[in-house]
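J.: Chain residues, written in single-letter form:
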Amino acid sequence: MTTRPPKIGRDFLRPDAPAKAAGVEKYAVDHYGENLLWAGVRRAGVPHGLIRRVDAAAARSLPGVRAVLTGGDVPGTNRQGIVHKDQPVLCDAKVRYAGDPVALVLAADRETLRRALALIEVDIAPLPGVFTIDDALNHDAPRLHEDHPGGNALLQATIEAGDGAKALAECDVVVTETFTVPIQAHAFLETENGIARREEDGRIVIIVSTQAPFRDRWEVSHALGLPMDGIRVIAPYLGGGFGGKDGATVQCLLALAAMHADGRWVKMWWDREESFQAGYKRHAARLHYHLGAKADGTLHALHCRVYYDTGAYAHLGGEVMALGMEHAGGPYRIPHTRIEGWCLYTNNPVAGAMRGFGVMQVSFAFESMMDILAARLRLDPLEIRRKNALRVGDRNSAGVLMTSSTGIGACLDAIADHPLWKDRAVWKAAAGPNKRRGVGLAAVFNAMGYGRGLPDTAVAKLEITPTGRFVVYSGVADMGQGNATAFVQIAGAALNQEEGMIDLVQPDTDRTLPSGSAAASRTTYTYGNALIRACQDMRRRILGRASMLLLVDRLEDLGLLPGRVRHPATGREIPLAMLAATLTTPERFCVYQYLMPVVPDPPATGKAFKIGFPHLLFSYGCHLALVEADELTGETTVRDYLAVTEAGRILNPQTSVQQVQGAIAQGIGYALHEDLQVEGGIVQTDDLGKYIIPTALDLPDIRAVFAQAYEETGPFGMKGLGEVASNGPLPAIANALADAGAARIFRSPLTPERVLASLQQGPGM
Amino acid sequence: MRKVFLPRDMAELWSAMADEPAARVYAGGTDLLVAMRAGTVVAPALICLERLAELQGVREEGEEIWLGAATTHAALLSNPLVGRHLPLLVQALRTLGSPPIRNMGTIGGNICTASPAGDTLPPLYVLAAEVELQSPGGRRRLPLRDFIAGPGQTRLETGEILTGVRVRKPVDANCHRFEKIGQRQALACCIVSMAALLTVTPAGVVASIRLAWGSVGPTVMEAPAAEAALTGSFMTRENLHRAAVFVRQAVAPIDDIRASAAYRREVAGNLLLRLLPG
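In order, the protein sequences belong to chains A and B. Remember, my numbering sits 2 above the position in the first sequence when you count from 1. Remember, my numbering sits 1 above the position in the second sequence when you count from 1.
Just chain B, same shape as in the assembly (with noise of 0.2 Å):
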């Protein structure tokens, strides 16, 4: 037998989390519970977030958009903001699993999870999102790109949760792209990914663009050389793969079950491709 907790409001969270403080905090568990099942994880006891209201929906908040940690995958994709302002996220959340995962997962798990496989995380990285973290002790914001410190691993304190995620609408942006590569057309765990957030000057020069890769490095990986290659640039074909060169040597993909290192390598720098208007 284990425990299980559901709380319901902060006092009651902070409380649990005293008392066992060896429990595994979750919400969703579509990765916890697998990991569970196949003895990777042992959790003594589980404390779980989705019954509490403060970590629940999305708002509107000025210029930013914020979406609580407990927020299922599902939940985002029929949200009305999301549609209308972060078309990038709601394209990989499409992706996603499968709509039992979507139901079942969210967007607090996805990040605190840490996977460089994570779907959500490319956008959030491009939309330059900010975690915000409580605990008793106070609340912190800390950026997305320095709250995940490697593979499965984050800056979670101890003692501490992930109650939301906070993203600028990119007011700007005129292309969103995000593209997935993976064993199959659903269920399926990331290859390589690509997000993309572009602003494009009617006469068809990049003013200005932000991309994140997943599943090619530790971490959600970056290619700054060509974001700057491709600034200033028209969108041709010619200009995208001398940009494509960049981003294969920032990347640091590995070999595994699923495809080589030299493939992740060679995709990363082709998605940029896609990015060729119709």
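Bound conformation, chain A alone (with noise of 0.2 Å):
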């Protein structure tokens, strides 16, 4: 710990380091309680069908078997959802995919649990199910949500700019492919887990591994019926969300339980298998693209159409589609686009929020689309990108107007200057026998923020304790990305205060204040921005208290120093704990509301959306990998990778490498192994000997050099980067196969078996 003020732009270690590597920090699965029951669900097996009858009497007289409820025991909606309210917390006439839950059962332990469940029998009368794109396409095919105005498609919506799809025959060139990319899931080592309890006053507390606590309480609130205020959620660190915990998990369904134990505490963990059947997951997509050009590269139309497989559920599926499309040009100015997109239903697992949001499929096509344009008109594949970069006043391919940091092309300009750019030749031309190296490059951006239509808002709370002590009260999850960190550093620099004086209170909707989501790359953007005016709140009062305990009528004439206030003009001190103690309750806590500012004239466009289009503030990258394939086996190996990224101004180098590190990694697997298999909706890869991510021994040392921007709205400079990054692997990774001479691959992962046959057909466009 350092016993000097944290400064911004300096390394900063994680406070929650040391508690984290002892392994004493208690994530939400590390909670039990005394007289403990577990609570598990039954699910349906099946992936479409109409119930029949739920018979639990052999279950419910299994000794040790507390309750078996079935759909027509939830009280409320029985309903939750996000935008949407379509998901039942128990499923009472239908299931719409193998994960639905039909029963769940609360027992004395877990051996006694998985017997209860399996001896529940569920007789459905199984649907056609709806297992593909194509299927869901069909206007002849079996309704997942019969009210659903839109049929099997949750949302169809548009994006338009300039003239459009028409500008394509303005082109001097058009490239034309499709792209197909697998269904992806989080994989954190935390599966979904929670404890719930009901108090002697009637409230139920749940301690949830959740990115979304206040969100979690108004779900419970409206699918059983409670009061809002009748409902705590405790939100300890996560071992790992990346958005797979954005959204009820367990939430409701322990509730639930707890509504019937009599006051004990319940717990339900999900295993491996389970998390991957019924836990949310990145949408599988399939996206057609038509861009077009001038001879001399530059970007003149783009037409796509992008098919987004969201499962049996809305969760957040309308919402990443449109942040897909809203990417789906790049990072690049084209002036004409048409962009359409398709977010269907499907028997599959319920698709949601991921890490990059629907960004990291586009990124894949417009990126390979790049290249192949380049490849095509005989360009430099940097050079075509510099070309076309967005910079401040441009507007984007969603047809919003750049007014902010915009370091796309501070990225470019970073890798054209790296050694590893140009000395790629050299590099290829040592491919040893059998080997063949190629460099690949990608440019990616991602948005930061919720977006218009959905106010991304955090209240800040601060307090000084009686003993001159400060405590940040978070209202958003920390899932590992860091930002309790940021918000010790950024009160540290803010106060003038050590590391070692400020505490932190991690997400409790009764303790801290409604802060929004850990989600959208905006948590240190947004809390940090209430924060650090809290900040200057709490300075004001400090020294406003000091002035009349020091007689001195000028406040700047006053400085505030770690663990006192001075008057420089005197030497005379007043220690933070004499100060405090005059303090009263009121006057000890500072509360801040941050709200992020919106594109204030949006685009007549993408009218379909209701909220969370289109965005301000964006992240940009530049990804360089240099790989290796075995011509033997179609092996693909990363063999060194470099990340230019800007994300405003670096607060803590040593927590964005490691996201970027992390987020590289993430996007390493996905276009390289990850692949979640589902046949008749039922997972075939459901543990993690059969859905492969990637190990230390796969992935290489990661660059991550930051092309530092200063955001004018951001928390000392800041945007969010917890996202960008996963973006760039993939299309990087299959430029550079194409670069070492393999035929262009569309669909992800690169398997070798793939590579291989790419590398047999030899060099296309």
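Hints listed in this document are in silico derivations from the structure and should not be mistaken for laboratory results. Possibly wrong hints are sitting among the right ones.
[Unchecked claim] Have a look at the derived ranges for each label pair, beta carbon to beta carbon: (1) Leu34(B) with Arg513(A): 40 to 46 Å; (2) Val42(B) with Arg641(A): 47 to 53 Å; (3) Ala120(A) with Leu34(B): 16 to 22 Å; (4) Asp142(A) with Val42(B): 40 to 46 Å.
No residue lacks a Cβ here, since even glycine has one placed at the ideal position from N, Cα and C.
Dock the two chains into a complex; use the hints.
T.: See below:
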């Protein structure tokens, strides 16, 4: 622990690191209770059907079983969902995917729970399934949600700018391709879990691994018909989230269980297989692209149709697709665009939020298209990107005027100057026997914040204790990304206090204030902005009290120093402990609500998006992958990797590098390995032996550097960087393989089998 | 509750096996415990062989090396006799699972699981390994390729255990190669593997060659025609390509979640090219 106040722009060690490294930090999953009950769910096991009967008699009579609940036992609406309330807590009439819950069991121990779940007889009359994008587009397909006016299209939307698709006719060259990406799983270390209890006053307390504790309270309230103030949600540090815990997983089920547990703690903890079968996923997608340019490489027109498989329930599917569509043209100036999207219900697992949030899918398409176009025009892939890179004052491919920090050009310049790029020919020529080497670029971006229509706001709460310490009450969960670290650093810097004087409270709906979800690369930006202002208020309040105690009549004559206030002119000081003791309780707290700015005059397009379009602020990145492919086996090895990121000013280089490296590791998994396979609605890759995530041996050393800028609206000039880097690896590696002489691959992941076939096929466009 | 026996000598073992005829006998458990968790194996009782001194360690016995069936992969990897005499097995063991799995899993377990993807099996095939089996009624020896009967199937008889595996030191071999393709670089189930043991003359002629492949058939697959084609030939790209055709004819892979049969067949042949020097 440092003994000087933290500095912005310098490495600042995570305050939570020692406790986590020592194994004493309690995640939700580490919470048990005396006399604990275990809760678990019987899942449908069939992807689509009508429930005829759920017979729980045998399960109920098993000794140790406390209760078995079915759809009819759910009070309230029995519907959850962030935007559309279409997902039952327990299915009452129909099941729409194999992971749908049909019964909830409370039992005295896990073995009894397992046996009771197996004893429940579920009789479901099967309905024909909708398992593919083409199935869902078929008008004769069975409808998953009979009341949904769009049929199996959860959302159909269009973004148009300039003259739209018509302008393709004005292009000297048009390239046309189709890309397909699979489902990705979050595969966090801590699977979905929580613990809940009904208190004596009737309130339900839930300690849960969640990215959105305040929204959880609202979800539980709505689904179970409980008053909002009758629910308390506590969100300890998460063992990973990546979007998969943004939305109700165990929350409503646990609260329902707690209502039948007579005041005992109830624990629900999905095992790995259940997490794969029932947890939220990244959308599989198919992307049809037509990209047109002038002969000199100037981008002129884009027409694309994107299809996202959203699975059985809406979750954030429409919003995920909206963000994908907003990014469909890449970080480029394309005057004429038409971007059409279909977000489709299927009987597959529910797709929702995941790091990159719809953007990873389109990044594969647009960055592959840029290389295909460059090859067609015999242009250097870096130069065609520099030529078209967005600058302040341009409109992006969604027609939004770029008014804030727009650093893609600086990222591209940094790549151009880097030895890995300049010496690439030498590196490629040094490939060993039976190996081929290639170098690939990807220029990517990712919006920050919720976008128009959904206020992106946070309420910071800061306390000075009667002994002169400070407490930051964080309303946004920390799933490992490091926002808690940033809050301590920001408060320490803004208040000029040592880290050891600052405590941080993790989100708790009783103690902290609503600050939105840990999502959308927004947490440090939005909460940090609120926190800085709360610190400014606190500083004025402390100096104000000091002015009385020291008889100094101008605040600017006083200095707030670590642990004390000083009057430099006379050398007199008052310790904060002494000062704080004179404050009354209301004076000891500062609360500030910050609201993120939005696009002031959104373009007249994307009208189907009720929320989340368009965005004002983006972070940027340019990635360079040095890839070696084996001609005998198709194995692909990323030998070196450089990522240049523009995310405003870097507050903490250490955690920023970690975020970029983590995103790239996950992105390399998406590029080379990860493929959640579903056959007839049943997940085939339901454990970590079949669902392949990269190990340390599969990853290169990742060089993460920053093209620093200053975002005028950001806390100390920063923008979020939790997601942007995840978008680069798949297109960069795909481009590198094409550079190595393989036929271009349009379907990911880039498995040895696909790469071998494409190496044998040889170079294409 | 399930009974778990940890016999410390052979008498305790035979007694436990007699008392619990339905028990699963194991050493390591890295396959068995996973299968039990998944519910694909039901074991009313477990008998663990790891405490039996008779099944532990590595011995040099004249021209042979004896490997105790309950010796862990990690112990084999750090054993100087294995390092000196069986570099092919060392290469394979390095690709097996991960450090925790290698600390727990045993070579006897890998053999008795009899998976076509078992990483130690192709090396043991080309080393012409023999298994030693024991029961209260006596001992017998069997070539490994006769012991393994099919995927997950062995000729282990009721009441019998595997105590060790014996290989001749490959004193003449001057090229030991194990190649494995998985879905990632560690913790990967094999998609195709190849073990090769060669004697190459200073002039570059193949004097003798033994080859075996994993994950391309119901058991480890061999290709005598490829071996014959290469024996007496120069180690050239062309000759290896020619032999690879025989390999692709000899193997019998299937499609599964990891790869297609066609890919496995193709790569089984291609891996021969890895034998080209430099």
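J.: Now tell me, hint by hint, if it's right for this structure.
T.: Now the hints, each set against the structure:
1. Leu34(B) with Arg513(A): 40 to 46 Å: holds, 43 Å
2. Val42(B) with Arg641(A): 47 to 53 Å: Taking Cβ atoms as reference, Val42(B) and Arg641(A) lie about 42 Å apart, which means the hint is violated.
3. Ala120(A) with Leu34(B): 16 to 22 Å: holds, 20 Å
4. Asp142(A) with Val42(B): 40 to 46 Å: holds, 44 Å
Hint check: a violation occurs at hint 2 only; the rest are consistent with the structure.
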